[in-house]
Amino acid sequence: MDLYDQMMNLDRRWVYLVIGLVVTITAILPFKVPLYITPEVRSVYNFIESLEPDDVLMIGVDYAPEVMAELHPMSYAITRQCFSRDIKLLLCCLHQNGPGMVEQVIAQVSKEYDKVNGEDYVYLGYKPYPGITILAMGQNFRIPFPEDYYGTTLDSLPMMKKLTNFDDIKAIINISGGSGTEYWINYANGRYNAKLAIGVTGVMTSDYYPFLQSGQIFGLIGGMKGAAEYEDLAEKGGYISREKDQLWAFKSMPIQTTTHIVVILFIVLGNVGYFMSKRKKYGKYEHP
Amino acid sequence: MNTHDIIFNGIAAFLSISIYTFLYKDNPLYKFAEHLVVGVSAGYFAVILYYNGFIPKLIEPLRQGKFEYIIPAILGIMIWTRFSRKWSWISRYSIAFYIGSGAGIAIPLYLQNYVIRQLHATMIPVGFSTWQLFSNILIVVGVLSALFYFYFSKEHTGAFGGVAKLGIWTLMIGFGAGFGLTVMGRVSLLSERVVFLRDYLAELINYIF
Chain A
79 MDLYDQMMNL
89 DRRWVYLVIG
99 LVVTITAILP
109 FKVPLYITPE
119 VRSVYNFIES
129 LEPDDVLMIG
139 VDYAPEVMAE
149 LHPMSYAITR
159 QCFSRDIKLL
169 LCCLHQNGPG
179 MVEQVIAQVS
189 KEYDKVNGED
199 YVYLGYKPYP
209 GITILAMGQN
219 FRIPFPEDYY
229 GTTLDSLPMM
239 KKLTNFDDIK
249 AIINISGGSG
259 TEYWINYANG
269 RYNAKLAIGV
279 TGVMTSDYYP
289 FLQSGQIFGL
299 IGGMKGAAEY
309 EDLAEKGGYI
319 SREKDQLWAF
329 KSMPIQTTTH
339 IVVILFIVLG
349 NVGYFMSKRK
359 KYGKYEHP
Chain B
5 MNTHDIIFNG
15 IAAFLSISIY
25 TFLYKDNPLY
35 KFAEHLVVGV
45 SAGYFAVILY
55 YNGFIPKLIE
65 PLRQGKFEYI
75 IPAILGIMIW
85 TRFSRKWSWI
95 SRYSIAFYIG
105 SGAGIAIPLY
115 LQNYVIRQLH
125 ATMIPVGFST
135 WQLFSNILIV
145 VGVLSALFYF
155 YFSKEHTGAF
165 GGVAKLGIWT
175 LMIGFGAGFG
185 LTVMGRVSLL
195 SERVVFLRDY
205 LAELINYIF
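Residue numbers (the working numbering), protein chains in the order written: chain A, 79 to 366; chain B, 5 to 213.
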């Protein structure tokens, strides 16, 4: 096997080893990388900035711990921005392994801003079958969620007195690591015309750009890069602080940068090996 | 970090490393961690579903005298006949109801939101005077050429073949963007774990010394 063949047939464990080393070294010796804020992330931030105190924003948190690296920073940054501006939050979860994710965020951030459950925020909890749950919420939040996550009836919560359905909230931000986003687009926006923005994992991002272009969603926060952009905006707005260690996605961007360079180098290496071995086998101008 | 955190974060660190050992080759440590994840997820889901679905959506309404809820309960019980070869045909009624109602709700909305509104989004002004108008040209040309590629009733030769080839390029660019974002997503998960292990190691050294 000559050098070009070796380049093409490199044992994948070498790739893992090099990426592992690069990630570890960058984690130990971080550096600062510049960040470009994309319009789709800025539009979510600007929309929340345009809200008045006591306006209600709904956040649908539909992800499990396996994607919290990408999505948890979004949830924290948005919640902190809203609570800083005295915007009320209505939260729900339509992913079976996600109720704990919402509780972690809301418990921590509400304590930071002295926000009271039932007055400044309501956590509706989890219900199975996202499509049916969203359709029911479009009629009345009390149909799928007669009680909140903590077992209090919605009618006894002061914040819920003026809230019936999607017409009474300013917008929905769905932060999702799976197919939950489809349901929000299809049912909340499609059926009830609710204003919708989404935060999704990197893998899902390219699937949802067409909905941004068609105007079905007004903003898109894509993966850890999107989360880092949002954190950057929130830090400049004074809602989160580097000193308090609240910029998680932003801190991971140097790792993203170095790892992507390594992946690009491996792709170039494989392609050089492919074309050179073909050239050696079939000559400069002949191809099979 | 107190002793409690050291122990539980230590378990998390051990399980993370166990999962990553699969990158070298399959081994008992990986199997143990994998089975633990599957078991815990299934157990957690069962409990969540019981307290958020079964109790409030069936038991509570029945307690309140809403006996119409017996109908979905019977449909639900009928699904369980799938475990019997002799009686499994009964489950088809429940499945038929579920699929029928689900399709009735979903199909018109999917057509509206995934086809008509997406088609509408390609009917846009085009031109060369601004960047936005030029971007619109790319959208329209990309959509049309990709649709040409999926038209199989005519051989992909001549001008038609050329447009279909442009369609392949459009699809490849789309797949490339998807692959790049997938790499970003996977690296994000890895970086979070590495940062967690780094912080845990630092805390452990502080705790011991």
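Just so you know, these hints were derived from the structure itself, not from any lab.
Keep in mind that a hint or two might mislead.
[Stated by the list, open to error] DSS-like mimics (lysine-lysine), calculated; alpha carbons at most 27 Å apart, straight line:
hint	chain 1	residue 1	chain 2	residue 2
1	A	Lys273	A	Lys240
2	B	Lys61	A	Lys239
3	A	Lys189	A	Lys248
4	B	Lys169	B	Lys158
5	A	Lys359	A	Lys329
6	A	Lys356	B	Lys169
7	A	Lys329	A	Lys110
8	A	Lys240	B	Lys61
9	A	Lys239	B	Lys70
10	A	Lys356	A	Lys189
11	A	Lys248	A	Lys314
12	A	Lys314	A	Lys273
So, going through the hints one by one against the coordinates:
At roughly 19 Å between alpha-carbon atoms, Lys273(A) and Lys240(A) fall within 27 Å of each other, so this suggested pair holds. For the hint pairing Lys61(B) with Lys239(A), the CA-to-CA distance comes to about 23 Å; that is within 27 Å, so the pair holds. For the hint pairing Lys189(A) with Lys248(A), the CA-to-CA distance comes to about 24 Å; that is within 27 Å, so the pair holds. Distance check on the hinted pair: Lys169(B) and Lys158(B) sit about 14 Å apart at the alpha-carbon level, within 27 Å; holds.
With a C-alpha separation of about 47 Å, the suggested pairing of Lys359(A) with Lys329(A) is violated against the 27 Å cut-off. Our distance criterion of 27 Å between C-alpha atoms is met by Lys356(A) and Lys169(B), whose separation comes to about 24 Å. Our distance criterion of 27 Å between C-alpha atoms is met by Lys329(A) and Lys110(A), whose separation comes to about 8 Å. For the hint pairing Lys240(A) with Lys61(B), the CA-to-CA distance comes to about 25 Å; that is within 27 Å, so the pair holds.
At most 27 Å may separate the alpha-carbon atoms for a hinted pair to count; Lys239(A) and Lys70(B) meet this at roughly 26 Å. Distance restraint check for Lys356(A) and Lys189(A): the Cα-Cα separation of roughly 63 Å exceeds the 27 Å cut-off, and the hinted pair is therefore not satisfied. As the CA atoms of Lys248(A) and Lys314(A) are separated by approximately 24 Å, the hinted pair is consistent with the 27 Å bound. A C-alpha spacing of about 26 Å is found between Lys314(A) and Lys273(A), which places the hinted pair at or below 27 Å, so the restraint holds.
Hint check: violations occur at hints 5 and 10; the rest are consistent with the structure.
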